[in-house]
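Residues per chain, in single letters:
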Amino acid sequence: MAAKAYAPLQVCLHWLMAVLIVATFAGGVYVAGLSLSPAKFRYLAWHKWAGFAVLLLVIMRLAARLRYGAPALPGHMSPLAQGAAHAGHLALYGLMLAVPLTGWLMSSAKGIPLVLFTVVPVPDLVAANPELAERLAFWHTLLAYTLAAFIGLHVLAALKHHYLDRDGLLFRMRLRQP
Amino acid sequence: MKKQILALALCLPLWAQAQVLDATASRLDFTLTQMGVPMKGSFRAFKAEVNFDPAKLAASRADIRIATTSIALPAADAVNEAKKPDWFDVARYPEARFVAGQFKQLAPERFEVRGKLTLKGVTREIAAPFTAKVQGKKLLIDGVLPVSRLAFNIGDGSWRDTETVSDIVKLNFRLTLIQP
Numbered sequence: 001m002a003a004k005a006y007a008p009l010q011v012c013l014h015w016l017m018a019v020l021i022v023a024t025f026a027g028g029v030y031v032a033g034l035s036l037s038p039a040k041f042r043y044l045a046w047h048k049w050a051g052f053a054v055l056l057l058v059i060m061r062l063a064a065r066l067r068y069g070a071p072a073l074p075g076h077m078s079p080l081a082q083g084a085a086h087a088g089h090l091a092l093y094g095l096m097l098a099v100p101l102t103g104w105l106m107s108s109a110k111g112i113p114l115v116l117f118t119v120v121p122v123p124d125l126v127a128a129n130p131e132l133a134e135r136l137a138f139w140h141t142l143l144a145y146t147l148a149a150f151i152g153l154h155v156l157a158a159l160k161h162h163y164l165d166r167d168g169l170l171f172r173m174r175l176r177q178p
Numbered sequence: 001m002k003k004q005i006l007a008l009a010l011c012l013p014l015w016a017q018a019q020v021l022d023a024t025a026s027r028l029d030f031t032l033t034q035m036g037v038p039m040k041g042s043f044r045a046f047k048a049e050v051n052f053d054p055a056k057l058a059a060s061r062a063d064i065r066i067a068t069t070s071i072a073l074p075a076a077d078a079v080n081e082a083k084k085p086d087w088f089d090v091a092r093y094p095e096a097r098f099v100a101g102q103f104k105q106l107a108p109e110r111f112e113v114r115g116k117l118t119l120k121g122v123t124r125e126i127a128a129p130f131t132a133k134v135q136g137k138k139l140l141i142d143g144v145l146p147v148s149r150l151a152f153n154i155g156d157g158s159w160r161d162t163e164t165v166s167d168i169v170k171l172n173f174r175l176t177l178i179q180p
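Chains as they are written, first to last, in full-length UniProt numbering: chain A, 1 to 178; chain B, 1 to 180.
Derived by calculation from the structure, the hints in this document are not laboratory data.
There may be inaccurate statements among the hints.
[As the list claims (entries may be wrong)] Calculated cross-link-like contacts (lysine-lysine; reagent style DSS-like; alpha-carbon spacing at most 27 angstroms):
1. K137/B / K47/B
2. K47/B / K104/B
3. K83/B / K133/B
4. K84/B / K47/B
5. K137/B / K104/B
6. K84/B / K110/A
7. K170/B / K84/B
8. K116/B / K56/B
9. K83/B / K110/A
10. K83/B / K40/A
11. K40/A / K84/B
12. K170/B / K133/B
13. K40/A / K170/B
14. K138/B / K104/B
15. K83/B / K170/B
16. K133/B / K56/B
17. K170/B / K120/B
18. K40/B / K110/A
19. K40/A / K40/B
20. K40/A / K120/B
21. K133/B / K110/A
[Said to hold, decoys possible] Heads up, incomplete: computed chain A residues facing chain B, CB under 7 angstroms, no partners named:
22. R42
23. Y43
24. K110
25. I112
Nothing here was measured: the structure is a model prediction, and the numbers come from that model.
We put the CB at the ideal spot given by N, CA and C, even for glycine.
All chains, full assembly: derive it from the sequences and hints.
In structure tokens, the structure reads:
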């Protein structure tokens, strides 16, 4: 029989990433609208560091998912609803990988290497190429908004389970079970 | 007529000494650090009148004129910014210039040049070590010079904050001179 909740590591990673992704997305939207200034350089660097952290965390998250699996979905859900839930989660994992990866690629293509916390240099993924950088910027933005949309759906679905279905689904993401 | 020939003959040795800059094999690059990230740029247009003879340092001269509008950086918005009054103010200061007449040998093929750098209307004496290597008819000059951008008011206003853009900018110069 499957466990009722995610493993503590998975729960911690979920909430840590939730906070980080919301902050990184908001910061990214804000910084994209700024004209060049010392503040833009600073916030852009923070955005890149946070995005890189998301990438590392999602890799840990996928490893944890493979190791611990996921608790079973409530029995009242139709096969279609269960399929939609799995597809949604798959999309979230894919987007959580794709958004920081396109950001990293874009930074490399712009000819601006990534240096974490001003001290740890990260290798460039591609050589500087302004045309490629522009295309990557488009994809990074599009994928980021798609991720935001999927997170919105994810939150709405979770709230529906909690308040309408009252099936205790949300407790899967709690450290201490009721 | 005789006088003119005489004048020409007198001028000839000077003219013959002048070294010609091979622009395709010469570069003026710089690296600045922004939030710990090294960012490379360059000046694409410059002229160099150099007469450098490792055997005759006292007679050696260098005069390098850089068109500040030829600045190149990884991003278009950075290039626009660099031309503004806070940075190079290219409208008022279209040219930067380095004039030097003092050379010193440090080691075999290693020298030091001392001269006056004028940037954005500010003139300061600077000294830069460099290497000079003879390759057939070519003289290859390579050097790195850390420069304080704030000493020349490059990056003024809010950009004076060195936490984001470092004060020290590393200038890399490579000049390929063709011997007469």
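Now for the hints, and whether the structure bears them out:
{"no.": "1", "hint": "K137/B / K47/B", "result": "holds (20 angstroms)"}
{"no.": "2", "hint": "K47/B / K104/B", "result": "holds (23 angstroms)"}
{"no.": "3", "hint": "K83/B / K133/B", "result": "violated (35 angstroms)"}
{"no.": "4", "hint": "K84/B / K47/B", "result": "holds (23 angstroms)"}
{"no.": "5", "hint": "K137/B / K104/B", "result": "holds (23 angstroms)"}
{"no.": "6", "hint": "K84/B / K110/A", "result": "holds (22 angstroms)"}
{"no.": "7", "hint": "K170/B / K84/B", "result": "holds (21 angstroms)"}
{"no.": "8", "hint": "K116/B / K56/B", "result": "holds (21 angstroms)"}
{"no.": "9", "hint": "K83/B / K110/A", "result": "holds (20 angstroms)"}
{"no.": "10", "hint": "K83/B / K40/A", "result": "holds (18 angstroms)"}
{"no.": "11", "hint": "K40/A / K84/B", "result": "holds (17 angstroms)"}
{"no.": "12", "hint": "K170/B / K133/B", "result": "holds (22 angstroms)"}
{"no.": "13", "hint": "K40/A / K170/B", "result": "holds (23 angstroms)"}
{"no.": "14", "hint": "K138/B / K104/B", "result": "holds (21 angstroms)"}
{"no.": "15", "hint": "K83/B / K170/B", "result": "holds (19 angstroms)"}
{"no.": "16", "hint": "K133/B / K56/B", "result": "holds (15 angstroms)"}
{"no.": "17", "hint": "K170/B / K120/B", "result": "holds (17 angstroms)"}
{"no.": "18", "hint": "K40/B / K110/A", "result": "holds (11 angstroms)"}
{"no.": "19", "hint": "K40/A / K40/B", "result": "holds (18 angstroms)"}
{"no.": "20", "hint": "K40/A / K120/B", "result": "holds (25 angstroms)"}
{"no.": "21", "hint": "K133/B / K110/A", "result": "violated (34 angstroms)"}
{"no.": "22", "hint": "R42", "result": "holds (5 angstroms)"}
{"no.": "23", "hint": "Y43", "result": "violated (10 angstroms)"}
{"no.": "24", "hint": "K110", "result": "holds (6 angstroms)"}
{"no.": "25", "hint": "I112", "result": "holds (6 angstroms)"}
The structure shown violates the earlier hints numbered 3, 21, 23.
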